[in-house]
Amino acid sequence: MTESDVERLLGELYGQGVKFIIIGGMAATAQGSAYLTADLDLCYSRDRENLEKLAGALAPFHTKLRDTPENLPFSLDALALRSGLNFTLTTDFGDLDLFGEVFGLGSYEEAVRFSQEMELFAVPCKVLTLEGLVKTKEATGRPKDLRLLPELKALLELQKSQKKES
Amino acid sequence: MDRSRDLTYPLKEALEDGVDLTQLYERLRLTPTERIKKNFQMLQLAQELRKAGQKDRDGIRR
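If you're matching them up, the sequences are chains A and B in order. Counting in our numbering, the first sequence runs from 1 upward without gaps. Counting in our numbering, the second sequence runs from 1 upward without gaps.
Chain A extracted, bound-state conformation (with noise of 0.2 Å):
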């Protein structure tokens, strides 16, 4: 994944109107980590409509369950989304890991009440706050996730200097 293929998925995403939020290593740089990370993951809402506008949205980049047999027939549509709730997933451009339920916050809608808006790439996108990322890795508990604590926990109290400074 490089970043043209994050720019042209968020303008694909935003375009069509899809509610989504961008959770897990991607959300946690954008709010300053310097941890790497060449995954995207994103939270999504299941309502209806929005799978619809979700599966639409990707249809373009050949989705396909990552770590199944090559000749497995799927197809990352409404009623695909609708059947499952977390999906790993390859596209053409790498990674992408879809959320219907992140641990620690539930369903989007309980997970947006921990996201702000950015613009990233011009495109306006909400992002876990550090708050939310610190909830996830604790509730999550994997030592992966424990490791990035005290760096977002750190992040957390430099942003709060810098809110009461201005």
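No wet-lab data here; the hints were simulated from the structure. Wrong hints could be hidden among the right ones.
[What the hints assert, rightly or not] List of simulated lysine to aspartate or glutamate pairs, EDC-like, C-alpha gap at most 16 Å:
1) B:LYS37 - A:GLU157
2) A:LYS19 - A:GLU117
3) A:LYS19 - A:ASP47
4) A:LYS144 - A:ASP77
5) A:LYS19 - A:GLU52
6) A:LYS19 - A:ASP97
7) B:LYS37 - B:ASP20
8) A:LYS19 - A:GLU109
9) A:LYS19 - A:ASP145
10) A:LYS163 - A:GLU131
11) B:LYS37 - A:ASP97
12) A:LYS144 - B:ASP17
13) B:LYS38 - A:ASP5
14) B:LYS38 - A:ASP97
15) A:LYS64 - A:ASP77
16) B:LYS37 - A:ASP5
17) B:LYS38 - B:GLU26
18) B:LYS37 - A:ASP39
19) A:LYS135 - A:GLU157
20) A:LYS135 - A:ASP95
21) B:LYS37 - A:GLU119
22) A:LYS64 - A:GLU110
23) A:LYS64 - A:ASP92
24) A:LYS19 - A:GLU49
25) B:LYS38 - A:ASP47
26) A:LYS135 - A:GLU101
27) A:LYS160 - A:GLU119
28) B:LYS38 - A:ASP39
29) A:LYS135 - A:ASP145
30) B:LYS12 - A:GLU157
31) A:LYS64 - A:ASP95
Values in this document were obtained by computation on a predicted structure and should not be read as measured data.
Please arrange chain B on chain A, whose structure you already have, making use of the hints.
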């Protein structure tokens, strides 16, 4: 110069956990888009280094 005495508790804890605060200060000066661009630049650098290392190892084996 030891500036750690001026830091609040979460920042002191982060330092002790090995977080490089100078990188965070640098990232916070960038816009969110610039942060993502920097991420991909660093990923590309890491990939180049990995390739160079592999070439080197292949050379040694021969």
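Structure-based check of all given hints:
Simply put, LYS37 (chain B) and GLU157 (chain A) have alpha-carbon atoms about 24 Å apart, too far for the 16 Å limit, and the pair is violated. Taken as a hint, the LYS19 (chain A) and GLU117 (chain A) pair is honoured in the structure, with Cα atoms around 12 Å apart against an allowance of 16 Å. Taking the CA atoms of LYS19 (chain A) and ASP47 (chain A), the gap is about 9 Å. The hint holds against a cut of 16 Å. Simply put, LYS144 (chain A) and ASP77 (chain A) have alpha-carbon atoms about 32 Å apart, too far for the 16 Å limit, and the pair is violated.
Annotation: proposed proximity of LYS19 (chain A) to GLU52 (chain A) holds, straight-line Cα distance about 11 Å (limit 16 Å). Straight-line distance between C-alpha atoms of LYS19 (chain A) and ASP97 (chain A) comes to about 15 Å, which keeps the hinted pair within the 16 Å bound. Between LYS37 (chain B) and ASP20 (chain B) the alpha-carbon distance is near 20 Å, which puts this suggested pair outside the 16 Å criterion. This hinted pair checks out: LYS19 (chain A) and GLU109 (chain A) have alpha carbons roughly 10 Å apart, not beyond 16 Å.
Using a Cα cut-off of 16 Å, the hinted pair LYS19 (chain A) and ASP145 (chain A) is violated, with the two alpha carbons roughly 25 Å apart. A threshold of 16 Å between alpha carbons decides the hint, and for LYS163 (chain A) with GLU131 (chain A) the separation of about 15 Å falls inside it, so the pair holds. In summary, the hint linking LYS37 (chain B) to ASP97 (chain A) is not supported, as the alpha carbons are separated by about 20 Å, beyond the 16 Å threshold. Distance check on the hinted pair: LYS144 (chain A) and ASP17 (chain B) sit about 14 Å apart at the alpha-carbon level, within 16 Å; holds.
Distance restraint check for LYS38 (chain B) and ASP5 (chain A): the Cα-Cα separation of roughly 15 Å lies within the 16 Å cut-off, and the hinted pair is therefore satisfied. Straight-line distance between C-alpha atoms of LYS38 (chain B) and ASP97 (chain A) comes to about 22 Å, which puts the hinted pair past the 16 Å bound. For the proposed pair LYS64 (chain A) and ASP77 (chain A), the alpha carbon gap of about 11 Å is at most 16 Å, so the pair holds. Distance check on the hinted pair: LYS37 (chain B) and ASP5 (chain A) sit about 11 Å apart at the alpha-carbon level, within 16 Å; holds.
Distance check on the hinted pair: LYS38 (chain B) and GLU26 (chain B) sit about 11 Å apart at the alpha-carbon level, within 16 Å; holds. For the proposed pair LYS37 (chain B) and ASP39 (chain A), the alpha carbon gap of about 14 Å is at most 16 Å, so the pair holds. This hinted pair checks out: LYS135 (chain A) and GLU157 (chain A) have alpha carbons roughly 15 Å apart, not beyond 16 Å. The straight-line distance between the Cα atoms of LYS135 (chain A) and ASP95 (chain A) is roughly 24 Å, outside the 16 Å bound, and the hint therefore fails.
Distance check on the hinted pair: LYS37 (chain B) and GLU119 (chain A) sit about 13 Å apart at the alpha-carbon level, within 16 Å; holds. Taken as a hint, the LYS64 (chain A) and GLU110 (chain A) pair is broken in the structure, with Cα atoms around 28 Å apart against an allowance of 16 Å. For the hint pairing LYS64 (chain A) with ASP92 (chain A), the CA-to-CA distance comes to about 9 Å; that is within 16 Å, so the pair holds. Restraint check: the Cα-Cα separation between LYS19 (chain A) and GLU49 (chain A) comes to about 10 Å, which is no more than 16 Å; the hinted pair holds.
Proposed proximity of LYS38 (chain B) and ASP47 (chain A) is contradicted: the alpha carbons are some 35 Å apart, above 16 Å. For the hint pairing LYS135 (chain A) with GLU101 (chain A), the CA-to-CA distance comes to about 14 Å; that is within 16 Å, so the pair holds. A distance of roughly 20 Å separates the Cα atoms of LYS160 (chain A) and GLU119 (chain A); the hinted pair therefore is violated under the 16 Å criterion. Restraint check: the Cα-Cα separation between LYS38 (chain B) and ASP39 (chain A) comes to about 15 Å, which is no more than 16 Å; the hinted pair holds.
As the CA atoms of LYS135 (chain A) and ASP145 (chain A) are separated by approximately 11 Å, the hinted pair is consistent with the 16 Å bound. With a CA separation close to 11 Å, the supplied pair LYS12 (chain B) and GLU157 (chain A) stays within the 16 Å bound. Between LYS64 (chain A) and ASP95 (chain A), the direct Cα distance comes to roughly 10 Å. Compliance with the 16 Å bound is thereby established for this hinted pair.
Comparing the model with each numbered hint stated earlier shows that hints 1, 4, 7, 9, 11, 14, 20, 22, 25, 27 do not hold.
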